[in-house]
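K.L.:
Please put together the full structure from these sequences, using the hints given.
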Amino acid sequence: QTLLAEHHGVVDPLGLDQKEHEDMAACYHLLLQNFNTLLSWNGFSQPENSDLLRSALAVFANRIKESDPSVDVAEGVR
Numbered sequence: 235q236t237l238l239a240e241h242h243g244v245v246d247p248l249g250l251d252q253k254e255h256e257d258m259a260a261c262y263h264l265l266l267q268n269f270n271t272l273l274s275w276n277g278f279s280q281p282e283n284s285d286l287l288r289s290a291l292a293v294f295a296n297r298i299k300e301s302d303p304s305v306d307v308a309e310g311v312r
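Under our numbering, think of the first position of the sequence shown as 235, with each following residue one higher.
Calculated directly from the structure, the hints in this document are not laboratory data.
None of these values were measured; they are calculated from a predicted model.
Heads up, a few of these hints could be off.
To be verified - Label pairs and their computed distance ranges (CB to CB):
{"id": "1", "residue 1": "293", "residue 2": "262", "range": "12 to 22 Å"}
{"id": "2", "residue 1": "298", "residue 2": "271", "range": "13 to 23 Å"}
{"id": "3", "residue 1": "267", "residue 2": "293", "range": "15 to 25 Å"}
{"id": "4", "residue 1": "284", "residue 2": "254", "range": "32 to 42 Å"}
{"id": "5", "residue 1": "300", "residue 2": "280", "range": "27 to 37 Å"}
{"id": "6", "residue 1": "257", "residue 2": "282", "range": "33 to 43 Å"}
{"id": "7", "residue 1": "302", "residue 2": "273", "range": "15 to 25 Å"}
{"id": "8", "residue 1": "285", "residue 2": "251", "range": "37 to 47 Å"}
{"id": "9", "residue 1": "253", "residue 2": "279", "range": "36 to 46 Å"}
{"id": "10", "residue 1": "298", "residue 2": "275", "range": "15 to 25 Å"}
{"id": "11", "residue 1": "278", "residue 2": "252", "range": "36 to 46 Å"}
Glycine included, every Cβ here is placed at the ideal spot set by N, Cα and C.
P.N.:
Quick look at the structure:
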């Protein structure tokens with residue numbers, strides 16, 4: 235409780251698990267780079283590939299929804 239009071243209710247004050255935070259940040263960075271690479275393909279701007287883009291986004295949305303059913307990402311894909 236003293237730690238909670240000293241750190242404004244944060245159980246893990248800054249620097250306590252620094253290595254874990256760095257690893258998670260690196261992982262998220264790589265994940266976002268991969269999404270950027272996949273979704274920046276210039277072929278998606280061609281009309282014949284619009285269904286392919288929608289399909290890819292639907293797969294991403296479904297995967298997110300599987301991990302957190304409260305998220306309604308699929309609405310943004312339509």
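K.L.:
For every hint, state whether the structure bears it out.
P.N.:
Evaluation of the provided hints:
Range check, residue 293 to residue 262: about 20 Å between beta-carbon atoms, so the 12 to 22 Å window is met. Separated by about 18 Å at the C-beta atoms, residue 298 and residue 271 satisfy the suggested range of 13 to 23 Å. About 18 Å separates the C-beta atoms of residue 267 and residue 293, a value consistent with the hinted range of 15 to 25 Å. Look at residue 284 against residue 254: about 41 Å separates their beta carbons, and that is inside 32 to 42 Å.
Range check, residue 300 to residue 280: Cβ separation about 30 Å, and the 27 to 37 Å hint holds. Between residue 257 and residue 282 the C-beta distance comes to about 41 Å, which sits within the given range of 33 to 43 Å. Judged by the Cβ atoms, the range 15 to 25 Å given for residue 302 and residue 273 holds: they are separated by roughly 21 Å. For residue 285 paired with residue 251, a C-beta distance near 44 Å keeps the hint of 37 to 47 Å intact.
For the pair residue 253 and residue 279, the beta carbons lie near 41 Å from each other, so the given range of 36 to 46 Å is met. One distance hint, 15 to 25 Å for the beta-carbon pair residue 298 and residue 275, holds here, with the actual separation near 20 Å. With their beta carbons about 39 Å apart, residue 278 and residue 252 fall inside the hinted range of 36 to 46 Å.
Figure legend: structure checked against the earlier numbered hints; every hint is met.
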